[in-house]
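K.L.:
Listed below are the residues making up each chain.
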Amino acid sequence: MANIDFVTPFYNKSYDTSGLLEALSRLTSTEDIAINTVPFGTEDSPLSLFPSIHSKRRDITLICQNEDVFLFKLNYKYSEEGEERSESGKFFVCNYEPFKNVNLAITFEKNTFFRRGLLPIIKSLYPKVHLTFIKHEKLMKLLHAFRERYNSLNLIISRASLKNRFIEKESGSKLVPMVGWPNMELDEALKWADQNDSWFQSIQFRLTEKKTNIAEISFTRQGIVRTNHLYDEVQEFFIKPVCKILFENMEMFGNRSRRDTDSFSARPLAISFSYDQFADPEDNRRFIRVMRHYNKAAVSVLHGNPYIHITISDYFDGSNFDLWMVSPKMITIVPQMKGSVAAIERLVNHIFDSYAEGKIVDYSEVAR
Amino acid sequence: MNSEELMNADIDDFMQTVHAMIGFVNFYLFDGDKWCDREGIKVFQGARLKRFQLNSEGEEQIESDHITPDLCIYLPTKEGVIGEVKRNLPKNRKLWMGAFEQLMKYDNDLLGWPSEDGKVISHDVVLLIHQFRSGPLASFYNDNKDSIVFKKPFAIVGFGRSEDGGKHYYFFKKELGSLSFPYVDKCLDDGVPVPMEILIKKYSTIKLTDDRPPLPYLMYIIWEHVVLPIASENKKFRYLRKKQKIEVLLTIDNIVEVLRKGFSFAVLQSYNDDHQTKTPRRAWVVEACDKFVLGKEAEWVDTKTKNEIKIYFQKYDDTLQHFVKLVTGNIDVDDSQMLLFDI
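Chains E and R, in that order, give the protein sequences.
191 is the number that the working numbering gives to position 191 of the first sequence; each next residue is one higher, with no gaps.
1202 is the number that the working numbering gives to position 202 of the second sequence; each next residue is one higher, with no gaps.
There's no promise every hint is true.
Cut-off 25 angstroms, straight-line C-alpha distance, at most; resulting in silico cross-link-like pairs (BS3-like, lysine-lysine) [said to hold, decoys possible]: (1) LYS56(E) / LYS1236(R); (2) LYS1245(R) / LYS128(E); (3) LYS1042(R) / LYS1119(R); (4) LYS296(E) / LYS1315(R).
Derived from the structure by calculation, the hints contain no laboratory data.
The whole structure should be built from the sequences, with the hints applied where relevant.
P.N.:
Written as structure tokens, this is what we have:
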């Protein structure tokens, strides 16, 4: 019996955002495909971003547009085992209402297309396009909420990449990336992470019922989701919360540049911690080491002990920051003349990822 | 300490002094009840004030020379405070009299305040100095009271950093004298720790004062806050590799203006008058640019006028330490062919 072509009719139809997401949900319930979804923030229109990609090795063209939904085709070349190969595929970009400037890039092409073609392009558009970061605590909450929804089923972590804080006698603590195939129940995996001072970078899990796989889902700290079933539920429990975080971060991090104000006044942010992070000089040294590893930036330490004052210049877009640690439970970030949303997000993500996670607040809330 | 360590210590000393000035100014400027700056208070540097007095016929006689105190605070009550900040004192105590002679010049009626008639009803004279030196200086004053006489309220205020429970402060205490503003006088009598975290916005925005900054520090400020923003507008900026450069054309006046408006006391509600000396001084910026040229990081457009400069921006891992090494002679100047991106 000949295979039914569901792909061509799918691409030939015209969708608005909600129509597209519903159609994708139906697709995963009837076909054996996996959908990759990348939430990202941008103030630019997809029309100005994606078709601008034209080079010898990759090329994007617009196929069609309906309201805020765009369908693009990507052709790209890559090298494998010394041979030049080419691949092409299609992807949708749509605005995710009601979150202004939050978009989704979605494809159900092969995973190789996503990994080699689409995702690198989205990342290359940084800082115009920026992904978000999900704190470990939040990631766990999202997983637990999803688990609650399917509490009659088993949720097994099949693969996870983590960062582990490893303590060395001489040089203090080090962050060590790990990839594991734990095949553990969710609670067991979370307990292991807590006990080993680790946090998840990405997590792949399957929902099973009596040894039958219902769905295989993966979710990263940047909010990238892949699933082969239950797209509706994945939207509700993962995609929508990630889009909300993206939006809230853009609101929090936006309009912080000093040049945006008449009097060039500063609008600092603070990261507050629930316990002392800078209790002794070793903590200071560790933090300075972490910041020295901040890539694509100039990092100058003006004062390292007992308080910390560091300046950062972002080499993606020229944003500039002063960082201060003058109390044990807080880092203050002062954007200078230029402090873009993307640069602030990248800086905060680096601190969360490599040092410690805290709560981001406007400086005025903690300055008293 | 080696030359780089000494330079870094000098930069740190300079910044401590800037923080201390900000802290002192805030005793007058900041309303702790409303948690905001008070309206109508003007803080400024580089003021050119002239001494005047009334002659026997009641006519004003204005001296031709002007004085330029480090810091002036003008209060809406038409009173003022003149502050002189000392980073260091000569080792030879006999030379300390020079500091008081300078202060005594401020102990006169002065013209040039931001009031309608350019005058104030009265003003205080304050010497702000690190607490390690404020005690000995106060002793010197007491030992020389015959020679050091102030008609106006005069005080020596010492400052230093302190820490308590992991929180960091600048501590201010009056070593001697009295000030007219009762709240400030009382605070400084007992000594008061000012938490650094409440002044972080000002520490971050006021990076330059009327005191000459260490040369590498000024170079780093110019690089990060004048050159880099322009370089980052170039579409090749994010792809720039080490040793690759982007040409940035600037005038000295432009550099001075960007730094003055964005990184000096001008960012506070302030008094800006054409007669004021601008911070940073043009001569300091020219010196910094001369050093960029010597370090093969720039070229004068016209070596005679030194008005315009082409700076070759490149990315450094640590901009401040790069210029510390350049100034202390601990860096190899790159003579290799520059790789310029087409602009």
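K.L.:
What's the verdict on LYS56(E) and LYS1236(R), does the C-alpha distance respect the 25 angstroms limit or exceed it?
P.N.:
Holds, because 18 angstroms separates the two Cα atoms, which is no more than 25 angstroms.
K.L.:
When you check the alpha-carbon spacing of LYS1042(R) and LYS1119(R), does it fall within 25 angstroms?
P.N.:
holds (14 angstroms)
K.L.:
Can the restraint linking LYS1245(R) and LYS128(E) be considered satisfied, given a maximum Cα separation of 25 angstroms?
P.N.:
Roughly 23 angstroms between the alpha carbons, so the hint for LYS1245(R) and LYS128(E) holds.
K.L.:
Holds or violated: are the alpha carbons of LYS296(E) and LYS1315(R) at most 25 angstroms from each other?
P.N.:
Holds, at about 9 angstroms.
The structure fails none of the hints (numbered hints given earlier).
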